[in-house]
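Undergrad: One-letter residues, chain by chain:
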Amino acid sequence: MIDPQSYLELAAFYSEYAAALDAGDWERWPEFFLDECVYKVQPRENFERGLPLSTMALESKGMLKDRVYGIKETLFHDPYYQRHVIGMPRVLAVEGDTIRAEASYAVFRTKPNELSTVYNVGRYIDVIRRTDQGLKLASRTCVFDSEMIPNSLIYPI
Amino acid sequence: METKNDRRPADWGEAGSSLIPFWAYTDEEIYRRELERFFYNKHWCYVGLEAEVPNPGDFKRTAIGERSVIMVRDAEGGINVVENVCAHRGMRFCRERHGNRKEFVCPYHQWSYDLKGNLQGVPFRRGVKQDGKINGGMPADFKPEENGLTKLKVAVRNGVVFASFDHDVESLEDYLGPVILSYFDRVFGGRKLTLLGYNRQRIPGNWKLMQENIKDPYHPGLLHTWFVTFGLWRADNKSALKMDQHGRHAAMISQRGNQQKANSVTTGVTSFKESMTLHDDRLLDVVHEPWWGEPTAVMTTLFPSVIIQQQVNSLSTRQILPRGPNAFDFVWTHFGFADDSEEMTRRRLRQANLFGPAGFVSADDGEVIEFSQDSFLSKDDGRCRAELGGREVENTDHMVTETLIRGMYAYWRRVMEI
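Residue numbers (our numbering), protein chains in the order written: chain A, 394 to 550; chain B, 7 to 424.
Read the hints as simulated data drawn from the structure, not as lab findings. This one's a predicted model, so the numbers in the text were calculated from it and none came from an experiment. Take the hints with a grain of salt, since some may be wrong.
Derived EDC-like pairs: lysine to aspartate or glutamate, alpha-carbon spacing no greater than 20 Å straight-line [as the list claims (entries may be wrong)]:
#: 1; chain 1: A; residue 1: LYS504; chain 2: B; residue 2: GLU373
#: 2; chain 1: A; residue 1: LYS458; chain 2: B; residue 2: ASP286
#: 3; chain 1: A; residue 1: LYS504; chain 2: B; residue 2: ASP380
#: 4; chain 1: A; residue 1: LYS458; chain 2: B; residue 2: ASP291
#: 5; chain 1: A; residue 1: LYS504; chain 2: B; residue 2: ASP287
#: 6; chain 1: A; residue 1: LYS458; chain 2: B; residue 2: ASP287
#: 7; chain 1: B; residue 1: LYS267; chain 2: A; residue 2: GLU466
#: 8; chain 1: B; residue 1: LYS279; chain 2: A; residue 2: GLU466
#: 9; chain 1: A; residue 1: LYS458; chain 2: B; residue 2: GLU280
Bound-form chain A, shown alone (with noise of 0.2 Å):
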């Protein structure tokens, strides 16, 4: 299994992806990820049918930056602060530099001028290897439970 260290860097990892995309700081996302990733934000209903479609699928650091553009400046959207809370990470395996883990979040929405409400629930199904940079995303699928977006969905998960 994983030693006490270890599940400590891995859970401030967790921790510190969602302080990132809790401040809106969408330039260092892409830099929780390795030069060659996938993330992928996928219904729990194409998950399970073996739909391949995504909500949002992207597939190198370069995508990731390119949303990070549309986030910034393409996308016309109303505002909104996220705020990720993010279960225990469960460990499924630890293969040489590559942990597999997954953890359940809940990510509430706040627009101005109205009410927190649930966002978008689900889990984080993750490869993540161990670099000279310390841990990265290989890939990160948020499978989420939400059977609808409310609207929108602009910044990452």
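For this one, chain A is given, so just place chain B on it according to the hints.
TA: Using the frame of chain A, we list chain B on its own:
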């Protein structure tokens, strides 16, 4: 004393169909009339793709208007659409969204139906024998054949399933008319379809706004950076707008043109990014497919319930499920063709990043609809002004017009008698 806010909104109050009153989007009574006249009578509504129910017994639960319906393939391979309302106590008995069944059983009192909706079994129909006497039972004149599920009229064309509560509705082909039918067949030409998956979003706006959004070629080259910048949709593209004879359905047809070229249609347009480059241009790895012909995009609105999207290599149906006057669910079903190469499937999935609730292009459509509805709710005497290109309803060979919206409201006024 009567104030402006007491007014019963029934009178359009203007000639033509270019000035749309805000109350057309918010009024509860109008909404109820729309459900009756557009969704439940005289119209065909989209329910799904045959590819979603490939095997006998496969079903998918969906809705027409606010009514829950089930599309199911029977043992003989036919497609049936039945209402998800038990004939006994009206329960919406089918709770799963999809699955496979030999029959439908309402768990409340175990009434059972075959896959065509015929009532098969009623527990204790002939009473229960106890101490030599028969207790209860249904009346002797109870006729199972008159107590099946509500069966809808079904039309299947090239893998796409439509249904109607109205058994007197005209044929689907007549309903679409020859022009729109030809654009329908352009996408659904009879090739076997494959299901790629779903996206679902709830948009807090009136359902008509989504029809209008896809009858409005004015906004894509202004709101959507990706369209104007990469030439996918901009006002100087070669394009055409076509309607059926009633003005209710439409096709917006466009051919990809100037890419990242500044000219009169981009002057002052803040969404145009002349020097924008992608870090990973696989997002726009467009490959021309022979069946397209010249157009690179055709967006077809079939009134009232669905939009058929072909935007370069991305294909979807977008189903509109109204939920009261102020919201609708928008269900995207992405598909490809059974003879697509793996590479083409990947391309379709990649380009799906432009569409759906998170799409580089489509995410902001939901947002603008929400913000329009916000105003409608607080300003009963306001009007939308759909006057680009004049006040008439006509097909055009350009996209600098809101003619399709006017066509839809001319039809709406006739059917709604408003």
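Undergrad: Within 20 Å, alpha carbon to alpha carbon, are LYS504 of chain A and ASP287 of chain B?
TA: violated (32 Å)
Undergrad: Within a Cα-Cα threshold of 20 Å, do LYS279 of chain B and GLU466 of chain A meet the stated pairing?
TA: holds (9 Å)
Undergrad: Are the Cα atoms of LYS458 of chain A and GLU280 of chain B separated by 20 Å or less?
TA: With a Cα-Cα distance of about 18 Å, the restraint between LYS458 of chain A and GLU280 of chain B holds, given a limit of 20 Å.
Undergrad: Mind checking the alpha carbons of LYS267 of chain B and GLU466 of chain A for me, to see if they're no more than 20 Å apart?
TA: holds (19 Å)
Undergrad: Hinted pair, alpha-carbon criterion (20 Å max): LYS458 of chain A, ASP291 of chain B. Please report holds or violated.
TA: holds (17 Å)
Undergrad: Check whether the Cα positions of LYS504 of chain A and ASP380 of chain B lie no farther apart than 20 Å.
TA: holds (14 Å)
Undergrad: LYS458 of chain A and ASP287 of chain B were given as a pair; does the straight-line alpha-carbon distance stay at or below 20 Å?
TA: holds (12 Å)
Undergrad: Holds or violated: LYS458 of chain A with ASP286 of chain B, Cα cutoff 20 Å?
TA: holds (9 Å)
Undergrad: Taking 20 Å as the top limit, are the C-alpha atoms of LYS504 of chain A and GLU373 of chain B close enough?
TA: Holds. LYS504 of chain A to GLU373 of chain B sits at ~13 Å (cutoff 20 Å).
Violated hint: 5 only; the structure is consistent with all others.
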